[in-house]
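These protein sequences, in sequence, are chains U and B. Going by the working numbering, 72 is the number at position 72 of the first sequence; the sequence numbering is gapless. Going by the working numbering, 379 is the number at position 379 of the second sequence; the sequence numbering is gapless.
Think of the hints as simulated: they come from the structure by calculation, not from any bench. Don't be surprised by glycine CBs; every beta carbon is placed ideally from N, CA and C. Heads up, some of the hints might be wrong.
As the list claims (entries may be wrong) - Residues of chain U placed beyond 12 Å of chain B at every Cβ, according to the derived structure: (1) G12; (2) Q17; (3) L22; (4) I23; (5) S39; (6) T49; (7) N76; (8) A93; (9) K94; (10) S100; (11) K133; (12) K171; (13) S172; (14) S185.
As the list claims (entries may be wrong) - The calculated lysine to aspartate or glutamate pairs, modelled on EDC-like cross-linking and capped at a C-alpha distance of 20 Å, are: (15) B:K80 x B:E127; (16) U:K171 x B:E36; (17) B:K74 x U:E188; (18) B:K12 x U:D174; (19) U:K191 x B:D24; (20) B:K74 x U:D184; (21) B:K100 x U:E188; (22) U:K171 x B:D24; (23) B:K56 x U:D174; (24) U:K63 x B:E424; (25) B:K28 x U:D163; (26) B:K74 x U:D174; (27) U:K88 x B:D107; (28) U:K196 x B:E89; (29) B:K100 x U:E83; (30) B:K74 x U:D163; (31) B:K112 x U:E108; (32) U:K191 x B:E51; (33) U:K63 x B:E204; (34) U:K57 x B:E430; (35) U:K171 x B:E38; (36) U:K57 x B:E205; (37) U:K196 x B:E430; (38) U:K57 x B:E204.
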Amino acid sequence: MSSNSALENMIGKVLDQKEAELISQIDSAYQESLDNLESSRGKLEAERTRIVEAARKQAENLKRQIIGSARLAARNQELLTIENAVNKAFEEAKKKLQASNSQDSYKELLKHMIEESISAVGGSNAVIIECNKNDAELVRKVVSELQNSGKVQQARVSDQYIDVLGGIRIKSADGTMTYDNTLDSRIERLKPLIRKNIAQMLRGVE
Amino acid sequence: MTTTSYGIEYTKVAELKGPLMIIDGVTKVSFDELVEIETVDGEHRLGRVLEVGFGKAIVQVFEGTTGLTIKGTKAKFTGKTMEMPVSQELLGRVFDGLGKPNDGLPDPIADKFLDVNGEPMNPERREYPTSFIQTGVSVIDGMLTLVRGQKLPIFSGSGMAHNILAAQIARQASVVGTKEDFAVVFAAIGVQYSEAQYFKRSLEESGALRRSVLFLNLADDPAIERIITPRVALTVAEYLAFDLGMHVLAILTDMTNYAEALREISAAREEVPGRKGYPGYLYTDLANNYERAGRIKGKNGSVTQVPILSMPADDITHPIPDLTGYITEGQIVLGRDLFRKGIYPPVNVLMSLSRLMKDGVGEGKTRSDHMEVGNQLYDAYSRAQEVRALSEIVGRAGLTGVDLKYLDTGDKFEQHFLKQAPDENRTLEETLTRAWDVLSGLPEGELTKIKEKHVRQYYKG
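Produce the complete structure using the sequences and hints provided.
Right, here's the structure in full:
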């Protein structure tokens with residue numbers, strides 16, 4: 001009986017000791033986890049700040065990119081619209097030019113063009129003059145007047161007509177030199193400058 | 001590029017020789033005059049007069065002479081040099097190597113037309129470059145600082161990451177602490193289609209295209225076109241800088257392809273070849289392009305140039321890098337060893353130098369310790385390389401404690417400072433913080449190039 005009670009006492013002591021030990025371990029683990037939590041709070045905070053900062057940077061980049069692309073797309077659309085309007089303006093101008101070859105000023109222009117062209121190909125009078133069918137008669141008349149005044153001698157108006165708005169094209173007799181003084185070629189030459197003026201008008205710039 | 005013109009058309013083609021066309025019986029023709037060529041099929045090409053005399057004109061055909069015939073080809077001499085229409089509307093546009101639109105949009109509406117050959121900058125009117133350009137690339141900003149108006153080439157080798165670096169600089173470059181406008185003119189000379197698309201996409205996706213103008217001459221475009229690409233690009237850069245007052249960064253890649261085209265023309269003209277077959281005037285020709293960078297007294301803008309050239313066989317003594325080095329104000333050299341180690345950007349700092357850095361950094365411009373930190377990094381990395389070589393002979397065990405610190409510093413320099421992602425844009429502050437992280441691995445006493453007050457302020461050892 002007494003040995004049993006001694007054993008029970010012993011068991012009780014061991015249990016108490018283990019219990020105390022376990023409680024102490026639980027306490028220390030609890031304390032440790034609190035410490036860990038506390039220390040990771042700082043790390044987490046830093047990590048959170050880093051992620052937020054990176055996201056903010058990314059969002060800013062994205063915003064800049066979206067706004068930039070949208071502005072560019074709008075600008076490109078504006079360029080296409082202006083170009084369409086410029087082309088329409090040129091078409092209208094060409095129609096008007098085509099209708100103007102009966103005016104006196106056109107005859108003067110042809111005279112000037114022939115003289116200028118002959119001078120450009122080296123002043124040689126042995127040239128062939130090309131023009132469109134509508135202008136042929138007027139060009140022959142102008143050439144004849146120039147020949148009568150002695151300014152042009154061996155110029156010949158070609159029977160081969162060219163498909164142009166107006167003006168003339170001059171070829172040297174051997175065909176190796178051509179000087180294009182048609183209205184089409186003049187428009188093409190001045191087109192970049194005229195485009196600017198039309199675009200300025202469309203944009204309301206003085 | 002304007003193609004509309006007025007002039008005499010000749011049909012007497014005497015000879016076609018490589019990229020050259022010789023026309024007979026011409027009069028009143030000038031050097032550098034623009035020529036419009038029409039093939040038998042009605043195709044239009046452009047050329048310019050290289051030589052005139054005895055009734056003949058030698059014309060360099062930009063799109064090449066393939067398909068041209070002696071009979072039936074027409075050449076119209078326009079009476080003017082090649083011109084580029086310029087206006088602010090060029091920003092955000094993409095052109096080919098001759099300056100023709102390549103983005104499906106119409107020709108730009110021009111404020112004015114400028115001769116693509118430019119005019120040499122009057123040396124007396126030049127202003128010394130002293131203002132910093134941030135590229136967002138640590139090794140450039142920290143140690144090889146780019147200054148507004150400077151010409152700083154990148155010497156690379158075949159297959160290395162120069163185009164990725166070029167695109168990164170184009171995307172990220174900015175002038176810090178000022179509201180002045182900044183623009184990038186990017187000229188790709190003889191690049192592959194995929195590379196051209198990469199440049200374009202890279203600028204589009206980053207939103208940087210709206211402040212950029214791109215000129216793309218592809219590898220399959222005629223080599224002769226490459227002669228014009230940098231000239232057209234620099235003409236636009238000059239207009240943006242000196243007419244509109246913008247700070248312009250002009251990136252020209254790859255100038256080796258430009259020099260190859262020059263050699264091709266020279267050979268066709270039967271000129272006496274110089275080194276490696278390049279013409280004797282290669283230096284002058286390169287200088288004509290490079291010297292278009294700078295600042296002008298009394299004007300707000302600047303043209304900063306970063307020409308990129310790939311050194312054949314990584315040979316820095318090759319005529320192209322050699323002559324470039326005489327003209328430019330320093331160089332950034334990419335190293336094959338670093339590239340093989342997977343380090344991007346693989347800048348070999350010990351062979352690189354920015355001659356104008358000292359005038360563009362420091363108190364009031366960047367940060368007071370900037371120059372000293374740059375110098376100390378050079379010193380430390382140089383010593384680390386020596387120690388690396390020594391350790392290969394004697395092993396780590398044979399090194400002193402200080403040597404070991406240098407060895408670690410060398411590794412940290414490459415991994416923490418030099419290495420950077422192609423889409424990583426570092427501020428100067430971040431760059432200098434990283435530099436101090438590297439330098440703090442050394443004993444304080446080793447930082448002999450930095451003032452004590454800066455060591456006290458930034459050293460983390």
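Worksheet entry | List of violated hint numbers, smallest to largest | Going through the list in order, the structure violates hints 7, 12, 13, 14, 15, 19, 25, 31, 32, 37 and respects the others.
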